[in-house]
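Visitor: This is what each chain is made of:
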Amino acid sequence: MNKKISKYIIPLLFIAPVFLIYTIFLIVPLIITAYYSLNEWNGVSEEIFIGFMNYKKLFANSDYWITFFNTMQLTAISLIIQIGFGLLIAYLLYNKTKGARFFRTVYFLPVVIAPVAIGLMFSLFYNSEIGFFNKILSAIGLKMLQTSWLSNPRTVLYAVMAPQVWQYIGLYVTIFLGALQTVPTELIESAQIDGAGKARTFFQVILSQIRGFINICVILCLTGSLKSFDHSWIITNGGPGVRSAYLGVFMYKMTFINSDFGMGSTITITIVAISLLITALFNNFSVTEERGRRGINA
Amino acid sequence: MLKLSYTFKQKLATAVKYIFLIFVAVTSIYPFIWVVISSLKDNNEIFGNSLGLPMVIRWGNYVEAWKGASVGKSFLNSMFVSTVAVLILCMISSMGSYVLTRFIKSQLLSTYLLLGLLIPLHALLIPSVLIFKALHLQDNLAGLVIIYIAVNIPFSLFIMNGFLRSIPADIDEAARIDGCGKIRVFFSILLPLAKPGIATVATIAFLNCWNDLLLGLVLLSTPGKRTLSVAISVLKGAYMTRYGLLCAGFVISIAPVVLMYILLQKHVIAGMTAGAVKG
Numbered sequence: 031m032n033k034k035i036s037k038y039i040i041p042l043l044f045i046a047p048v049f050l051i052y053t054i055f056l057i058v059p060l061i062i063t064a065y066y067s068l069n070e071w072n073g074v075s076e077e078i079f080i081g082f083m084n085y086k087k088l089f090a091n092s093d094y095w096i097t098f099f100n101t102m103q104l105t106a107i108s109l110i111i112q113i114g115f116g117l118l119i120a121y122l123l124y125n126k127t128k129g130a131r132f133f134r135t136v137y138f139l140p141v142v143i144a145p146v147a148i149g150l151m152f153s154l155f156y157n158s159e160i161g162f163f164n165k166i167l168s169a170i171g172l173k174m175l176q177t178s179w180l181s182n183p184r185t186v187l188y189a190v191m192a193p194q195v196w197q198y199i200g201l202y203v204t205i206f207l208g209a210l211q212t213v214p215t216e217l218i219e220s221a222q223i224d225g226a227g228k229a230r231t232f233f234q235v236i237l238s239q240i241r242g243f244i245n246i247c248v249i250l251c252l253t254g255s256l257k258s259f260d261h262s263w264i265i266t267n268g269g270p271g272v273r274s275a276y277l278g279v280f281m282y283k284m285t286f287i288n289s290d291f292g293m294g295s296t297i298t299i300t301i302v303a304i305s306l307l308i309t310a311l312f313n314n315f316s317v318t319e320e321r322g323r324r325g326i327n328a
Numbered sequence: 288m289l290k291l292s293y294t295f296k297q298k299l300a301t302a303v304k305y306i307f308l309i310f311v312a313v314t315s316i317y318p319f320i321w322v323v324i325s326s327l328k329d330n331n332e333i334f335g336n337s338l339g340l341p342m343v344i345r346w347g348n349y350v351e352a353w354k355g356a357s358v359g360k361s362f363l364n365s366m367f368v369s370t371v372a373v374l375i376l377c378m379i380s381s382m383g384s385y386v387l388t389r390f391i392k393s394q395l396l397s398t399y400l401l402l403g404l405l406i407p408l409h410a411l412l413i414p415s416v417l418i419f420k421a422l423h424l425q426d427n428l429a430g431l432v433i434i435y436i437a438v439n440i441p442f443s444l445f446i447m448n449g450f451l452r453s454i455p456a457d458i459d460e461a462a463r464i465d466g467c468g469k470i471r472v473f474f475s476i477l478l479p480l481a482k483p484g485i486a487t488v489a490t491i492a493f494l495n496c497w498n499d500l501l502l503g504l505v506l507l508s509t510p511g512k513r514t515l516s517v518a519i520s521v522l523k524g525a526y527m528t529r530y531g532l533l534c535a536g537f538v539i540s541i542a543p544v545v546l547m548y549i550l551l552q553k554h555v556i557a558g559m560t561a562g563a564v565k566g
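As they're listed, the protein sequences go chains V and U. Just so you know, the working numbering puts 233 at position 203 of the first sequence, and the rest follows in order with no gaps. Just so you know, the working numbering puts 355 at position 68 of the second sequence, and the rest follows in order with no gaps.
Think of the hints as simulated: they come from the structure by calculation, not from any bench. Hints are supplied without guarantee of correctness; some may be wrong.
Listed next, with one range per pair, are the computed distances between beta-carbon atoms [what the hints assert, rightly or not]:
| # | chain 1 | residue 1 | chain 2 | residue 2 | range |
| --- | --- | --- | --- | --- | --- |
| 1 | V | TYR85 | U | LEU338 | 48 to 54 angstroms |
| 2 | U | THR314 | V | ILE80 | 47 to 53 angstroms |
| 3 | U | THR528 | V | LEU118 | 36 to 42 angstroms |
Below are the DSBU-like pairs computed for lysine-lysine, each with C-alpha atoms no more than 30 angstroms apart in a straight line [stated by the list, open to error]:
| # | chain 1 | residue 1 | chain 2 | residue 2 |
| --- | --- | --- | --- | --- |
| 4 | U | LYS304 | V | LYS228 |
| 5 | U | LYS553 | U | LYS482 |
| 6 | V | LYS173 | U | LYS523 |
| 7 | U | LYS296 | V | LYS128 |
| 8 | V | LYS37 | U | LYS392 |
| 9 | V | LYS126 | U | LYS298 |
| 10 | U | LYS482 | V | LYS37 |
| 11 | U | LYS360 | U | LYS512 |
| 12 | U | LYS304 | U | LYS360 |
Virtual Cβ for every residue (Gly too), placed ideally from N, Cα, C.
Build out the structure end to end from the sequences listed, making use of the hints.
Guide: Next up, the structure:
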């Protein structure tokens, strides 16, 4: 009897801290957020249950859709630039490049820096007095492209996106470089013996070999964009209005500046839902595709 | 003739490749160099000589940023919070992984604990404020430590599970036959073997804690308790026209991370790409 207890007591004691902290501070908050999204609440007075009214109001709010489409634009641009450049640069490094490790180290550096610091750095670059971008434009003879990046409503959103997209290219370079190293060299050699050029080998042999990694990078890129907050917050506070805000910034403003905790929770739940949906869709999609390629009916 | 032009083409292609790679390297690193150089200038020089080296080196910017802008205090706060969170996290997540990979091999439990990888931080903000209020931990660095541990648990378990699974169970069985209890097997046999995994977890968790803005912003209100990220976000408002000082604050805030990256590069890269490589 005693032995039986001691058989389980140590494992349970060992897993208890992780389980409890995780459940209390991660899972319970998620459930509480879902509950608050069904309430009208300013964070101070008693909350009032109103069902799905917050969702109805939110979907009728034009600011929500502005920030939603800003987030989607960021996602699309990140996908194209980060995955595209990531693959291109990784492929160049992979092809018998001298100093590949050095280049990788340099490219990865921005990835480890706090987004808030990167945001601060770029606000200095955009600054109209000392602005380094405008100085470079005039140095290369493109003075007519100079603008006050953060107050021009046509450029502000892209000015906020740029540092974020730039910062994480190195992450994708590194993942893809690792991916390329898993491709068996015999496969590439035999394709080339069969007369396939470099481009054909890349598109038909290499890409299909690293498809799993590409899928994961797409998920990383999509969910990463949905969580965006820091760059936009530090550079412009999402302004003017919500012109350069993402869903995360809109949620923060709604909750902690407008004190609408109910609506803030509603926005949060939509972010979680989109994020889960994307991950589920993509996982499913890639599983189906994998089966399709192997000739198994899904 | 034809052959010659072929090698010429190849050489040209190689040259273009290296020029491109160097160009990308410059765009990755030059912005930081510019800030480091500017942190040693005064406003006049930043205006007039924005791309050149400083004429007079102004170390004073660093002294003033550390003291006046209370970057120093926030630096210590961040160091305290991140270090304590990482130490506890490494301990409890390797203990948890030990159980998950040896005793309770339940798929359901593992999936439950990894589900957190999909939860965006935003989902925790509002309830965390309330939970900490109830626990009398609002505006308290200890509260921040707990939540940093919580948000880093899923990925730590993910990495540690992979690591402990790769250590053959025969090793612990042999030790058990020799009379080691479960606790001793863990502490004196598995933990030393799992050091590289723990190093990876520690590195990434430290970066996550050090770089976080959102949780610090929401959970702390007293200026003296600010973490460095929060202080930096305030710095911009307070010193927006004193660029040298701002740059010095920036350099102080990224220095530990850059140093860590240079020293522990292998672990940083392994940890940050682990999800992609193992998933």
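Visitor: State for each hint whether it applies.
Guide: Verification of the supplied hints:
A beta carbon spacing of about 51 angstroms between TYR85 (chain V) and LEU338 (chain U) agrees with the range 48 to 54 angstroms that was offered as a hint. Roughly 50 angstroms separates the CB atoms of THR314 (chain U) and ILE80 (chain V), a value that falls within the hinted 47 to 53 angstroms. The beta-carbon spacing between THR528 (chain U) and LEU118 (chain V), approximately 40 angstroms, falls within the hinted interval of 36 to 42 angstroms. Among the hinted pairs, LYS304 (chain U) with LYS228 (chain V) is consistent with the structure: their alpha-carbon atoms are about 15 angstroms apart, no more than 30 angstroms.
For the given pair, LYS553 (chain U) sits about 14 angstroms from LYS482 (chain U) by alpha-carbon distance, which is consistent with the 30 angstroms threshold. For the hint linking LYS173 (chain V) to LYS523 (chain U), the alpha-carbon distance of about 28 angstroms falls within 30 angstroms, and the restraint holds. Restraint check for LYS296 (chain U) and LYS128 (chain V): satisfied, since their Cα atoms lie roughly 19 angstroms apart, inside the 30 angstroms limit. Taking the CA atoms of LYS37 (chain V) and LYS392 (chain U), the gap is about 15 angstroms. The hint holds against a cut of 30 angstroms.
Between LYS126 (chain V) and LYS298 (chain U) the alpha-carbon distance is near 14 angstroms, which keeps this suggested pair within the 30 angstroms criterion. A distance of roughly 26 angstroms separates the Cα atoms of LYS482 (chain U) and LYS37 (chain V); the hinted pair therefore holds under the 30 angstroms criterion. Between LYS360 (chain U) and LYS512 (chain U), the direct Cα distance comes to roughly 8 angstroms. Compliance with the 30 angstroms bound is thereby established for this hinted pair. The suggested pairing of LYS304 (chain U) with LYS360 (chain U) is violated, with an alpha-carbon distance near 46 angstroms, which exceeds 30 angstroms.
In this structure, the one hint that does not hold is number 12.
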